[in-house]
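Colleague: In case you want the letters, here they are:
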Amino acid sequence: MEGNIAIGEGAIAAGAKFYAGYPITPSSEIAEHASVSLPKIGGTYIQMEDEIGSIAAVIGASMAGAKAYTATSGPGVSLMNENIGLACMVEAPCVIINVQRVGPSTGLATKPAQGDFLQARWGAHGDHAIIALAPASVQECFDLTVKAFNFAERFRAPVFVLSDGIIGKMHETVFIPDCEEIKIENRKPATCEPREFKSYEYDDDLVPPFAPFGGIRISKANGSGHGLDGYPDNSPENYDLLARRLVDKIENCKEEICLHKAYYCEDAEILIIAYGSSARSGLAAAELARREGLKAGLLQLQTLWPFPGHLVGKYSEKAEKIIVPELSLGQLKSEIEKHVNNIPVIGVNRINGLSLPPGEIIKALCCRGICG
Amino acid sequence: MTRKTGEMFLKRELLPFFWCSGCGNGIIMGCIFRAMEESGLSRENTVVVTGIGCWGKADDYFTTHAFHGTHGRALAVATGIKSANPSLDVIALVGDGDGATIGGNHLIHAARRNADITVIMSNNNNYGMTGGQYSGTTPFGAITSTSRYGHAEDEFDVSELVKTAGAGYVAKGTIANPLQLQKFIEKAFQKRNGFRFVEAMNICPTYYGKNNKTGNAPEMIEKLRKNTVEIKTARAAEPHELKGKIIVGEYADKEVDGFIKRYKEIQKKASVVSRK
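Protein chains in written order, with the numbering used here: chain A, 1 to 372; chain B, 1 to 276.
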């Protein structure tokens, strides 16, 4: 199965019923898959006039109670960003799949990249928190898409799946479990007296129970500063509480959200940290290095945001060097550097639309005198 | 027969309206509330969707479900809501800036696909919320905060545009004739399918009126009233007689399936294919 199709299958398995999108390479197969799969199960595929309308329709569908998603690439995310902030603010669970390609601008339209790492975090204006997951195999395309929907539902927040052109177009064998074996989470429903319902009255986990449009609990979604009832409240005190809650509901659960895989890390003196397609190159490089007697390991980040600084700290305890291969000019590296002290962090970067061969990572080690 | 006020849809505790004195938005609100009751809409089954602008604040005064989103995107949000739960009555309230300028692309495509929503546009010919700058419906030569020497561009007729795009129902009224405006809104609510668009020609005494020396609110309303031509009269008139006039009436009134009905057919076809 192709990576993009595995993402589509993951969405259906997670319970998605609504897709709105605008075609863009290298993500279009996800739209095509949705257009075939959703109407079969009573769901809706709608091709909107642009990506701005797509994410807006996704948010609307979500507030009416549907699990909703969209897929695009970097240029589409650039257009969606204002409304991704809206999704954070109205607390609309939704999944945004970005199959990254080379930018900026039209860049290399069909070629893979990992240059949207920081865009995913800070694309929408203003302080906010975001969750982003990154698959490195076709199996993970399926598994992490299910996870993305689960996190979106649990935290009532937009969640990115940050794939790339290599993972999206790659074919691998996938194991899809029976539906009853897949763990599905649904947003927590409001159960209070309808008359007492307030749209943004939250529980101890800082997440408000959900009441869909059309229910007996009258629901008000508001992208502007609002109080617990959803009505405007622009006082400094209220806005401070609101904006901090939207961040804290995610950041407080960082350890649970931060998924990862560690390969040969127990005694690793050379720690490679990577995600997505670059993690595959990183794993091959670690195995090659091990054959040469070097203690190399790979920390594969499956969750990119909230950034797993605690994992970087933990796995780099014994490391003498950290190598960060990525299809960007050091976006991931810059984030890692914030979480380590006195360990050199070396980037291996490509931005020309080609993948990173493991040899390039090894070569980078050797050039810097690590291979002796 | 008792007159229906639509009071159950008004969030009374938030009165007075936040709009400037003399603004016609309150008149449009009254028309909507009454039309909602006349058409048998319910609080629980109705969602009011807004974007940003003076008219974008309108959702606060409804006791129904409401979504207050981003500038220009109300129709896309409304399309998503309706698709996810087709049994809902979805009403989008947009201004001329929100609906026809920044949101123009969504407007023509929602009309083309006949998204099953009702749109009520308050058209006051400028951006009131940000201080009276020109919008897509500001006439040629008009003075605004960003066209101090007169506006260089032409306006467009939004109702004509929406009709051409394929909407099932399109009507234009003015705040100078609330009874007629309410009738159009009622008809829009009572049609169950397709894209329904009612343009309410409004006034903005605070900015547009002051900038163009068109007088105070009552004078502006009187000018608006005098400046209208019924669509039936307009059809028989020479083009030069209609220059600068507001043509009120039903621009389109046709039976259309609407997106939801069409897509239900797609769902049927798809489920047959998957059973085979």
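Worth flagging that the hints you see were computed from the coordinates, not collected in a lab.
Don't be surprised by glycine CBs; every beta carbon is placed ideally from N, CA and C.
One thing to keep in mind: the hints can contain errors.
[As the list claims (entries may be wrong)] Now the stretches of chain B that chain A is said to cover, found in silico as 3 or more residues with beta-carbon under 8 Å:
#1 55-64
#2 85-97
#3 124-133
#4 262-269
[Said to hold, decoys possible] No more than 27 Å apart at the CA atoms, straight line, and that leaves these computed lysine-lysine pairs for BS3-like:
#5 K40(A) - K57(B)
#6 K254(A) - K183(A)
#7 K268(B) - K57(B)
#8 K261(A) - K183(A)
#9 K198(A) - K232(B)
#10 K198(A) - K264(B)
#11 K111(A) - K40(A)
#12 K261(B) - K17(A)
#13 K57(B) - K17(A)
#14 K314(A) - K338(A)
#15 K40(A) - K261(B)
#16 K243(B) - K232(B)
#17 K264(B) - K226(B)
#18 K40(A) - K264(B)
#19 K57(B) - K183(B)
#20 K17(A) - K264(B)
#21 K17(A) - K187(B)
#22 K40(A) - K269(B)
#23 K169(A) - K338(A)
Colleague: All hints are to be evaluated individually against the structure, with a verdict given for each.
Modeller: Do the hints match the structure? See the list:
Requiring three or more residues with a Cβ within less than 8 Å of a Cβ of chain A, the coverage given for the segment 55-64 of chain B holds, as 4 such residues are present. Chain A is given as covering the segment 85-97 of chain B, and this holds because 3 residues of the stretch bring a CB closer than 8 Å to a CB of that chain, at least three being needed. As drawn, the segment 124-133 of chain B meets chain A at 0 residues by the rule of a beta-carbon pair under 8 Å; below three, the given contact is violated. Interface restraint, the segment 262-269 of chain B with chain A: holds (4 residues with C-beta to C-beta distance below 8 Å; minimum three).
Between K40(A) and K57(B), the direct Cα distance comes to roughly 39 Å. Violation of the 27 Å bound is thereby established for this hinted pair. In summary, the hint linking K254(A) to K183(A) is supported, as the alpha carbons are separated by about 20 Å, within the 27 Å threshold. As the CA atoms of K268(B) and K57(B) are separated by approximately 40 Å, the hinted pair breaks the 27 Å bound. About 20 Å separates the Cα atoms of K261(A) and K183(A), which keeps this hinted pair within 27 Å; it holds.
Distance hint between K198(A) and K232(B) is unfulfilled; the C-alpha atoms sit about 49 Å from each other, more than 27 Å. Restraint check for K198(A) and K264(B): not satisfied, since their Cα atoms lie roughly 34 Å apart, outside the 27 Å limit. Taking the CA atoms of K111(A) and K40(A), the gap is near 32 Å; set against the 27 Å cutoff, the hint is violated. A C-alpha spacing of about 17 Å is found between K261(B) and K17(A), which places the hinted pair at or below 27 Å, so the restraint holds.
For the proposed pair K57(B) and K17(A), the alpha carbon gap of about 31 Å is over 27 Å, so the pair is violated. Under the criterion of a C-alpha separation no larger than 27 Å, the hint pairing K314(A) with K338(A) is consistent with the structure, at around 14 Å. Restraint check: the Cα-Cα separation between K40(A) and K261(B) comes to about 16 Å, which is no more than 27 Å; the hinted pair holds. For the hint linking K243(B) to K232(B), the alpha-carbon distance of about 16 Å falls within 27 Å, and the restraint holds.
The straight-line distance between the Cα atoms of K264(B) and K226(B) is roughly 46 Å, outside the 27 Å bound, and the hint therefore fails. For the proposed pair K40(A) and K264(B), the alpha carbon gap of about 11 Å is at most 27 Å, so the pair holds. For the proposed pair K57(B) and K183(B), the alpha carbon gap of about 23 Å is at most 27 Å, so the pair holds. A C-alpha spacing of about 14 Å is found between K17(A) and K264(B), which places the hinted pair at or below 27 Å, so the restraint holds.
A distance of roughly 32 Å separates the Cα atoms of K17(A) and K187(B); the hinted pair therefore is violated under the 27 Å criterion. With a C-alpha separation of about 8 Å, the suggested pairing of K40(A) with K269(B) holds against the 27 Å cut-off. Restraint check for K169(A) and K338(A): not satisfied, since their Cα atoms lie roughly 33 Å apart, outside the 27 Å limit.
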